[in-house]
Amino acid sequence: MQDKVLVPVDGTESFDETLAYVQALTPQARTEIVLLHVLPADTTPEVAAINCSQDGVHDKLQKLYTALRERGWTVSAELRMGDPVEEIVKMAVLLPAAVVFLSTHGRTGLERISKGSVTESVVRQCPCPSFILHSTRPEPPDQRREQLFRRILVPLDGTDDSSAILPCVEKFAKSHDSEVVIFHDQACDGPTGNSENDQAVKRALQDQSVELANKGLVVTLDMSTYRRPIREILNKIDERDIDLVAMVSHGLSGNRRALEESVTADVIRHSNCPLLVWSASPQCPTYM
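With the sequence shown counted from 1, adding 30 to any position gets you this note's numbering.
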């Protein structure tokens with residue numbers, strides 16, 4: 031059975047980086063890439079057909095479609111009309127998609143990372159992980175095109191909700207031979223590192239690190255006590271030369287909150303590397 035990677039395209043994406051990361055996500059032999067372009071709801075079929083080639087591929091999708099086909103990928107193109115968020119989520123459910131690839135290059139439309147943006151809305155509602163290619167740093171600083179996920183940062187807050195991303199991380203890291211850095215910044219009240227809750231969280235994170243290591247992964251546990259999780263996550267991305275941040279969108283309380291109110295939303299907005307984000311239940315779908 032092939033993994034289906036859903037790639038919404040609106041035409042403002044950086045072609046080279048999008049192509050590189052789409053190809054890097056899953057092994058070619060077991061992957062089908064589904065390109066999706068969403069037209070406004072009031073678009074007539076006649077108007078929609080104007081910009082489609084003879085094989086039915088819309089011009090917004092044609093360049094990426096052709097490049098992937100030439101490289102031997104199994105790829106299809108879908109054209110829908112309506113609300114972008116609704117159509118993307120609907121397609122993710124129908125396929126079903128293993129991951130939705132969201133490129134955030136530029137500052138408008140799908141690419142605008144701000145309150146109410148398409149990206150954040152899709153992440154909140156999507157039943158599978160969302161891969162977010164951020165506009166700040168669309169490619170590794172060393173310009174490499176291989177081994178794009180050498181080191182993955184996994185911020186955890188000690189709750190079951192945050193650790194729900196770990197099955198995804200395990201599969202992704204094994205597939206890409208990635209080092210996993212589990213990170214926690216103590217953000218609760220009380221004497222730092224001395225409370226019973228602090229110690230319970232530390233033990234839980236140590237156990238999770240050992241469990242991943244026992245499955246053959248290279249794992250590092252990094253804990254800070256600055257009580258500023260967003261800033262520390264962003265700092266760790268640069269300090270540790272992180273290639274991917276993997277996290278859920280649940281708030282630090284462990285209860286699901288609106289994405290724009292969560293730590294994840296701020297990381298999405300300010301991160302200078304791609305993210306793998308999941309905000310659905312039950313457990314993360316089989317991925318990689």
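No lab work stands behind these hints: they were computed from the structure. Certain hints may be false.
Below, simulated BS3-like cross-link-like pairs (lysine-lysine); rule was C-alpha separation at most 27 Å, straight line [said to hold, decoys possible]:
(1) K245 to K204
(2) K201 to K120
(3) K201 to K245
(4) K266 to K204
(5) K232 to K204
(6) K266 to K245
(7) K232 to K245
(8) K93 to K120
(9) K266 to K201
(10) K266 to K232
(11) K201 to K232
Derived Cβ-Cβ restraints for the label pairs, each shown as a range [to be verified]:
(12) E241 to R99: 34 to 42 Å
(13) M111 to E241: 40 to 48 Å
(14) T73 to V123: 48 to 56 Å
As the structure is a computational prediction, the values presented were derived from the model and not from experiment. Idealized CB from N, CA, C, for every residue including glycine.
Tested hints:
1. K245 to K204: holds (9 Å)
2. K201 to K120: holds (25 Å)
3. K201 to K245: holds (10 Å)
4. K266 to K204: holds (22 Å)
5. K232 to K204: holds (25 Å)
6. K266 to K245: holds (24 Å)
7. K232 to K245: holds (20 Å)
8. K93 to K120: With Cα atoms ~24 Å apart, K93 and K120 stay inside 27 Å; holds.
9. K266 to K201: Holds: K266 and K201 sit about 22 Å apart, inside 27 Å.
10. K266 to K232: Holds. K266 to K232 sits at ~18 Å (cutoff 27 Å).
11. K201 to K232: Measuring from Cα to Cα gives roughly 24 Å; hence the hint holds.
12. E241 to R99: 34 to 42 Å: holds (41 Å)
13. M111 to E241: 40 to 48 Å: Once the Cβ atoms are compared, 46 Å apart, the range 40 to 48 Å for E241 and M111 holds.
14. T73 to V123: 48 to 56 Å: With a Cβ separation near 23 Å, T73 and V123 fall outside 48 to 56 Å, so the hint is violated.
Going down the numbered hints, you'll see the structure goes against just number 14.
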